[in-house]
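As a plain string of letters, each chain reads:
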Amino acid sequence: MTMTANRAPARTEPASPIKRTNPIRFVILAALLALLLIVIAPLLIIAINAVKSPADYAGGGPLSLPPHLYWDGIVDFWNRVNFGQKLWNSFITSLVVAVLGVALSILNAYALGIGKVKGRIWFLVFFLVANLLPQEVLVYPLYFLSKEVHLYDSLIAIVIIFTVIQAAFGTYLLTSVYQEFPAELLDAADVDGAGKWRTLWSVVVPVSRPTLGVLFTFFFIWTWNEFFLPLVFLVSNDNQTVPVALGVLQGDRLMDATMTSASGLIGILPAMIFFLVFQRTLTRGITAGAIK
Amino acid sequence: MIRSRTGLVAGALLMAASLALTACGGGSGGDETEGADAKTLTLWHYEGPTSAMGIAWNKAIEEFKAAHPGVEVKFEEKGFEQIQQNAQMILNSDSAPDIMEYNKGNATAGLLSKQGLLTDLTDEASKRGWDKALNSSLQTTTKYDDDGIMGSGKTYGIPNYAEYVEVYYNKDLFKKYNLQVPTTLDEFTAVMDKFVQNKVTPLAVGGAEYPAQQILYSLALSQADRAWVDDYQLYKNKVDFKGPQLKYGADTFKQWVDKGYINKNSAGIKAEDMGVSFTQGKFPIMISGSWWYGRFSGEIKNFEWGTFLFPGNKLHPGSSGNLWVVPEKSKAKALAYDFIDITMKPEIQALLGNNGGVPVAADASAITDAKNKELIENFNKISSEDGLAFYPDWPAPGYYDVLVAGTQGLINGSKTPDQMLDEIAKPYDENLADLGK
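Line by line, the protein sequences give chains G and U.
Going by our numbering, the residue at position 38 of the first sequence is 38; the numbering climbs one at a time, nothing skipped.
To convert, take the position in the second sequence, counting from 1, and add 292; that gives our numbering.
So here's chain G without its partners, still in its complex pose:
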């Protein structure tokens, strides 16, 4: 009903001159622009200060425009922390976590959502509770465990930890999606003689691909942005990830505002690029549920 109601007027008055000059549209446009400005203001300030020399910052403050572009902050920071290596560390851990996290979520959710394992409500409650635990609580147990298995100061520890953390959330979300999975499809697969394994890979996974894409993208970005556990677990500089490397600039009493901005800028760029690339996956995944 609502859909036809919306569509009808759009078709009747596409070129109405009254609509075009309607002042309300300009007000809305202005309001949207103002909102946009508020949203991107912090990013703009970071960008401005990233290309400002420390002396200009000292003389003009954080809001002044740089009189000339100054790239040394970015270059110095890149070399100082060997940023290429950190990018690689972050990329590889985020990617592995995203892939393994999605795979683990699929297996769990298949059992809980479609397989209707006994006591699945309690499993879900468990995953939900696990999701609500703050990381700070986990630090000491994880520290001792990883030391026991000689994974302290290793990227593998981070991969294992975050695969489990992300999969806990993924299982919770994906299970509720699979509970709504069309029974006709499953029955058809059954009639065609597909086993449980075949049904999962040939029917369930392809149909839920948009949702899995969303999970993958979120897992990647969340793992990329993780700070606290990587800070604790990645001791050697060679193992550190991007957010941990940014922490190098945080001094005891002083901060280097221009270099911090420079590092912030190159720190968020990869995540933003990744987001732009996978943006369509996200929108498709979010609307995927609505179609059915």
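Wrong hints could be hidden among the right ones.
[Unchecked claim] Calculated pairs, BS3-like style, for lysine-lysine (alpha carbon to alpha carbon, straight line, at most 25 Å):
id, chain 1, residue 1, chain 2, residue 2
1, G, Lys-147, U, Lys-621
2, U, Lys-623, U, Lys-467
3, U, Lys-406, G, Lys-147
4, U, Lys-366, G, Lys-147
5, G, Lys-147, U, Lys-673
[As the list claims (entries may be wrong)] The following residues of chain U were derived to be distant from chain G, with all beta-carbon distances above 12 Å:
id, residue
6, Glu-326
7, Glu-355
8, Glu-373
9, Gln-376
10, Met-381
11, Ile-382
12, Glu-455
13, Thr-481
14, Lys-491
15, Gly-535
16, Asp-565
17, Val-568
18, Pro-687
19, Tyr-720
20, Asp-721
I should point out that these hints are in silico values taken from the structure, not numbers from a laboratory.
Being a predicted model, the structure only gives us computed values, none of them experimental.
Where a beta carbon is used, it is the ideal one built from N, C-alpha and C, also for glycine.
Following the hints, put chain U in place on chain G, whose structure we already have.
Showing chain U alone in chain G's frame:
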């Protein structure tokens, strides 16, 4: 999308643990030549490469390499936050470095020494003469007793540099209003009155962080002697928060706010913003630490500036800088001692001084840079009077936030000096009770 963290991890690792090997055992010995034949020295610090310490220590690493051919130095620059958060965990693991920079104080170096994670340097310090290079107030922060309380006991760390609170002033603005550098507290207030008459707020203050409490402490120190500092910092005797020192500090601080020396809105200003407002020339005076010095030398281009010690005071907030410590798990202790020894050499100390740092054992004549000479002469003056009085937030854990809240109350007028003193006395006394004193 905001999401909370989960806890399944422990389970996963438990499974992993069941697959894995048993933990390796390890004993620790402790004689002086231990690790002399090590082939690597892993060294961590968290000073920027262009800071005075960064420059001097880089040079020290070079000298160390020259003196120890065949030893590889693995230097890693760390973040302050990472060391602060994790030192205990790192030093308890096989990833511990052989030597590292660490924060001085009861809650940091004191705590680690109490847990047996740091090597006792007492013998090395006397054998190599480090103890003679450091005056007694600098040594306070290197020694920790069995409870991890500083001031007595064994030596666990060696500082290369010092820091102290002084007064930075904008020479151009002083000249504009025809003002001289004050030498007494009365002259200082007269200078600030003159600025207020000309509608200039004299003091740049960051009330949301450490600067405000250091001003209040400086004022209290103007009425104090070394015995009071020992009482307050080292718990020698009970401190009366309504006694002449702190009472004077709080009352005078309040007066400074009322007279307009300190802006009412500075309660929400951070230290960084305070520094930038001074470098922009918005305020003629800033009372803060020597850690700004190198930065101001490099960045203030629009006006002439200088420093003087808090007028009339013999005691000043300040202390040794951070310490070199040798973790108990260090595999190259003898090499670590050699490295510390190099950092105490006159040429490294002079390099520190010439780059805007305050060396602990420098010959003032070796400091060639005129600007830095001022910094070091001021320090030598304090040092000769044994005038380092540490920082007001040291005596109790979490006391920093108590003092920030207290001074903010004074600045925005929500608390009277008496209320503020009662408020800050409580956690102090509770800490004393916890320590059984």
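| request: Just double-check Asp-565 (chain U) for me: nearest Cβ-Cβ distance to chain G has to come out over 12 Å. | output: violated (9 Å)
| field | Verdict on Glu-326 (chain U) as a residue remote from chain G, using beta-carbon distances over 12 Å | value | holds (23 Å)
| message | Minimum C-beta separation from Tyr-720 (chain U) to chain G exceeding 12 Å: can you confirm that? | response | Label holds. Min Cβ-Cβ 23 Å, cutoff 12 Å.
| Are the Cα positions of Lys-366 (chain U) and Lys-147 (chain G) separated by 25 Å at most? | holds (22 Å)
| request: Find the nearest Cβ of chain G to the Cβ of Asp-721 (chain U) and say whether that gap is larger than 12 Å. | output: holds (28 Å)
| Is the Cβ of Lys-491 (chain U) more than 12 Å away from each Cβ in chain G? | holds (21 Å)
| 12 Å Cβ clearance of Ile-382 (chain U) from chain G | violated (6 Å)
| Distal placement of Glu-355 (chain U) relative to chain G, Cβ over 12 Å | holds (22 Å)
| Lys-623 (chain U) paired with Lys-467 (chain U) [C-alpha distance capped at 25 Å] | Distance of about 58 Å is beyond 25 Å: violated.
| request: Would you check the hint for Lys-147 (chain G) and Lys-621 (chain U), treating anything up to 25 Å between C-alpha atoms as holding? | output: Holds - the C-alpha atoms of Lys-621 (chain U) and Lys-147 (chain G) are around 15 Å apart, at most 25 Å.
| message | So Glu-373 (chain U) supposedly isn't at the interface. Is its beta-carbon more than 12 Å from every beta-carbon in chain G? | response | violated (5 Å)
| Per the stated criterion, does the least C-beta distance between Pro-687 (chain U) and chain G lie above 12 Å, as a non-interface residue requires? | The assertion about Pro-687 (chain U) holds, with a minimum of 19 Å to chain G.
The structure is inconsistent with the numbered hints 2, 5, 8, 9, 10, 11, 12, 16, 17, although it conforms to all the rest.
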